[in-house]
Amino acid sequence: MNKIVSKEQLSADIYKLVIEAPLIAEAHKPGQFIILQLGGDFNERIPLTIADADEERGTITLIIQAVGESTKAVVALNVGQSIENLLGPLGQPTKLGKFGKVVCVGGGIGVAPMYPIAKALHELGNEVKMILGARNKDLFVMKEEMASVVDELIIVTDDGSEGRKALVTVPLKELCEEWKPDLVVTIGPPIMMKFCALTTLPYGVHTIASLNTIMIDGTGMCGGCRVSIGDETKFVCVDGPEFDAHKVDWNNMLSRLGTYKPQEEENKHKCRMGLNTEDTEAK
Amino acid sequence: MHVSREELDNQAIEILKKYEGVKLTPKTRGEIPVQEMPTQAPMVRITNMNEVAEGYTENQVKAEALRCLQCKNEPCIQGCPVGINIPKFIAEAAKGEYSAANSVIKESSLLPSICGRVCPQESQCQKFCTVGKIKKDVNQAVAIGRIERFVADYSRENDCDVQPTIKAETGKKVAIIGSGPASVAAAADLRKEGHSVVMFEALHKAGGVLVYGIPEFRLPKKLVQHEINNLIAMGVELNLNYLVGKTRTIEKLMTTDGFDAVFVGAGAGLPKFMNIPGENLIGVFSANEFLTRSNLMKAYDQKDSLTPLWNCERAAIFGGGNVAMDAARTAKRLGAKEVTVIYRRSEEELPARKEEFEHAKEEGINFLLLHQPHEIIGNDKSHVTSVKVVTCELGEPDASGRRSPVEIPGTEQILAFDTVVVSIGNSSNPLIKQTTEGIETNKRGNFIVNEETLETTLPGVYAGGDIVLGAATVILAMGQGRKAAKAINKYLTK
Ligand SMILES: Cc1cc2nc3c(=O)[nH]c(=O)nc-3n(C[C@H](O)[C@H](O)[C@H](O)COP(=O)(O)OP(=O)(O)OC[C@H]3O[C@@H](n4cnc5c(N)ncnc54)[C@H](O)[C@@H]3O)c2cc1C
Ligand code: FES
Chain A
1 MNKIVSKEQL SADIYKLVIE APLIAEAHKP GQFIILQLGG DFNERIPLTI
51 ADADEERGTI TLIIQAVGES TKAVVALNVG QSIENLLGPL GQPTKLGKFG
101 KVVCVGGGIG VAPMYPIAKA LHELGNEVKM ILGARNKDLF VMKEEMASVV
151 DELIIVTDDG SEGRKALVTV PLKELCEEWK PDLVVTIGPP IMMKFCALTT
201 LPYGVHTIAS LNTIMIDGTG MCGGCRVSIG DETKFVCVDG PEFDAHKVDW
251 NNMLSRLGTY KPQEEENKHK CRMGLNTEDT EAK
Chain B
1 MHVSREELDN QAIEILKKYE GVKLTPKTRG EIPVQEMPTQ APMVRITNMN
51 EVAEGYTENQ VKAEALRCLQ CKNEPCIQGC PVGINIPKFI AEAAKGEYSA
101 ANSVIKESSL LPSICGRVCP QESQCQKFCT VGKIKKDVNQ AVAIGRIERF
151 VADYSRENDC DVQPTIKAET GKKVAIIGSG PASVAAAADL RKEGHSVVMF
201 EALHKAGGVL VYGIPEFRLP KKLVQHEINN LIAMGVELNL NYLVGKTRTI
251 EKLMTTDGFD AVFVGAGAGL PKFMNIPGEN LIGVFSANEF LTRSNLMKAY
301 DQKDSLTPLW NCERAAIFGG GNVAMDAART AKRLGAKEVT VIYRRSEEEL
351 PARKEEFEHA KEEGINFLLL HQPHEIIGND KSHVTSVKVV TCELGEPDAS
401 GRRSPVEIPG TEQILAFDTV VVSIGNSSNP LIKQTTEGIE TNKRGNFIVN
451 EETLETTLPG VYAGGDIVLG AATVILAMGQ GRKAAKAINK YLTK
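Chains as they are written, first to last, in my numbering: chain A, 1 to 283; chain B, 1 to 494.
Chain A on its own, in the form it takes in the complex (with noise of 0.2 Å):
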């Protein structure tokens, strides 16, 4: 069960786990994620979105990036390897449709749970157009996969290395005032999906971000993952991951995102729960 069947290592620390999964990859729809974790005992459960999933082949695909001792730990298991847990699918599908014209933005390794979500829309006959960013030309990934599956890829880099030199930002600004998009979808960095909302708002485009909190269970049963979308909690395992971005609270979510940061500056050998969180993609 949950045997590695193939490893691509994509940049300096994103890799590409296809992992045999029959059931996941069978119940599994965009925008839904897992929870893994290694042991039994001491590693932490790890939240992941499903970046692709093959129903007959019964395999699914995960992008890790390994920011921390666990995440490591994951991407240093070789093909043949299994997973000894391996939870999902979890949290509720994306609500697709036929929009009209949709702008998707991904940051750094928010792409890869970006690529089905996109994929499915286009097929849903909407134009999609879609926003790359990352902090050099190094760090993108699932780019070719993603030209693919769109009507338009926009391509930023921090550094100009590749595409424009902007922040994701800019091209979507633009977008909101010539374009004119229905929807807006946004995955990556809390803080690149935060500005997306703040960008989006005054053109009155409803905006879908899809959120990275810290995670236990991913079954409703802690509240750790809890965010305040207006004025009610809501808990993004089994609620989201998706939210109306114009309504999570932005400060709130990233200053939760921070509750462990002192524990992990002190044991250095510690990684924060969940992927995506790391600053230092953010842009």
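Hints are not guaranteed to be accurate.
DSSO-like cross-link-like pairs, simulated, lysine-lysine; straight-line CA separation at most 27 Å [unchecked claim]: (1) A:K234 <-> B:K272; (2) B:K433 <-> A:K95; (3) A:K29 <-> B:K252; (4) A:K261 <-> B:K337; (5) B:K106 <-> B:K72; (6) B:K252 <-> A:K95; (7) A:K234 <-> B:K443; (8) B:K298 <-> A:K72.
Just so you know, these hints were derived from the structure itself, not from any lab.
Once you've looked at the hints, dock chain B with the ligands against the given chain A.
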């Protein structure tokens, strides 16, 4: 004063000597003092996660068993939710026939080593005990639970536990959802009838609240694992990391995977919050999160665990039940200098088991009774810095029969804390209901079942434990698991 296990054992030896060969009358039996449970000394135990209650010595069991009057009308049995033949097992224990005593319990209960530790005996069997009645003090009743624990531990440790016999295979398949006490009981009873039983658990370890909620110092996890191993040895198939409703729906289990019946023991795993300002600040946790990090993820073992823990110095625990006691005592062991339980009623209404309350007090936990939290206050970094509370007095009894707290205007005060653990209980996990057409729930989210059979509103699907009762107890969950198993067996063989 803390008395050591050796000393308590010596006292028991003296008692046994004194009454050796003496014909015991109810009066002399009544003179024997209740045997105290040996415990780790409070100042030692708050530095480790080991079990607090060390268990009776054999001499203590014999001495305690002598206190039982063997009443003809057996009042204690009516207090036991599963009707264990208590006088009979105590009589066996008095003779030193521990394995026989254990077999008597096993006729009615499947998990005596667990229930002997976590049952609220003072409000069940021991509440009805004649000895306690005569002494007008439930704490003077025969210590039924402690004897139960001893005989169950003895049987496990000496490999003389009852071996279940499994009937010929029936070819019928039953899915069990969850692996808490309700599910463990249902799985065992259905497997004994020869059905093929597959258990599905969402987490990466089986046992439900027994592994993720109740701390090691109250219920060693190896005991829970022992019961799970027993199920596997009986031929129950265990599928961990399987969230029914998400990984597969109940409908698919029944139509595609060929399950003839389903038992839902999904528990009450939805943490309640107070809905007061500041609850999403950093340093505020649900008891489930706090306890799961420490127990399931083993974060108390800071050396080996990769799951981080919040450093708490001054912790406020909201609530007054077992969950609150567990959170408070866990916080203490994780190094909090000061831990305060804030509860809105008085000590008398405190829903926690008496023993847990006493243990918590011995461990230096503060109790701020008759106070209601109004707001959690944070600093510019969104970290908890204090809690605003208001004083209450007790008014008229409410629907539950307990006197309800009434806030006294103008009594607000702000108390400094860096951690808040909201421990006001759990409501039913809504996932199965949301993903299964035909299952109906009441307004609290508890599954509606036929009282006799525990069948839900969806034919062939049964439910028991906290998902039906709301957050209840281990013994009630186990009892419902058995009751449903009986009905499922009937349904499958008709
Ligand atoms: C901290 C705490 C302390 C307590 N202390 C005591 C005590 O001292 N004495 C006492 O008698 N009672 C105590 N209780 C209550 C007692 O633990 C519960 O009443 C009992 O465990 C309920 O058993 P259950 O089998 O119904 O469910 P649970 O033990 O809750 O188990 C349910 C299991 O189902 C799993 N599950 C849920 N949904 C799904 C799904 N869709 N698919 C697969 N699996 C699923 C969950 O992960 C969980 O493992 C305490 C509870 C808590 C939280
Ligand atoms: S991760 Fe525990 S409730 Fe969402």
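Cross-check of the supplied hints:
1. Distance check on the hinted pair: A:K234 and B:K272 sit about 12 Å apart at the alpha-carbon level, within 27 Å; holds.
2. In summary, the hint linking B:K433 to A:K95 is supported, as the alpha carbons are separated by about 20 Å, within the 27 Å threshold.
3. The straight-line distance between the Cα atoms of A:K29 and B:K252 is roughly 17 Å, inside the 27 Å bound, and the hint therefore holds.
4. About 21 Å separates the Cα atoms of A:K261 and B:K337, which keeps this hinted pair within 27 Å; it holds.
5. Straight-line distance between C-alpha atoms of B:K106 and B:K72 comes to about 22 Å, which keeps the hinted pair within the 27 Å bound.
6. A threshold of 27 Å between alpha carbons decides the hint, and for B:K252 with A:K95 the separation of about 23 Å falls inside it, so the pair holds.
7. Between A:K234 and B:K443, the direct Cα distance comes to roughly 20 Å. Compliance with the 27 Å bound is thereby established for this hinted pair.
8. In summary, the hint linking B:K298 to A:K72 is supported, as the alpha carbons are separated by about 20 Å, within the 27 Å threshold.
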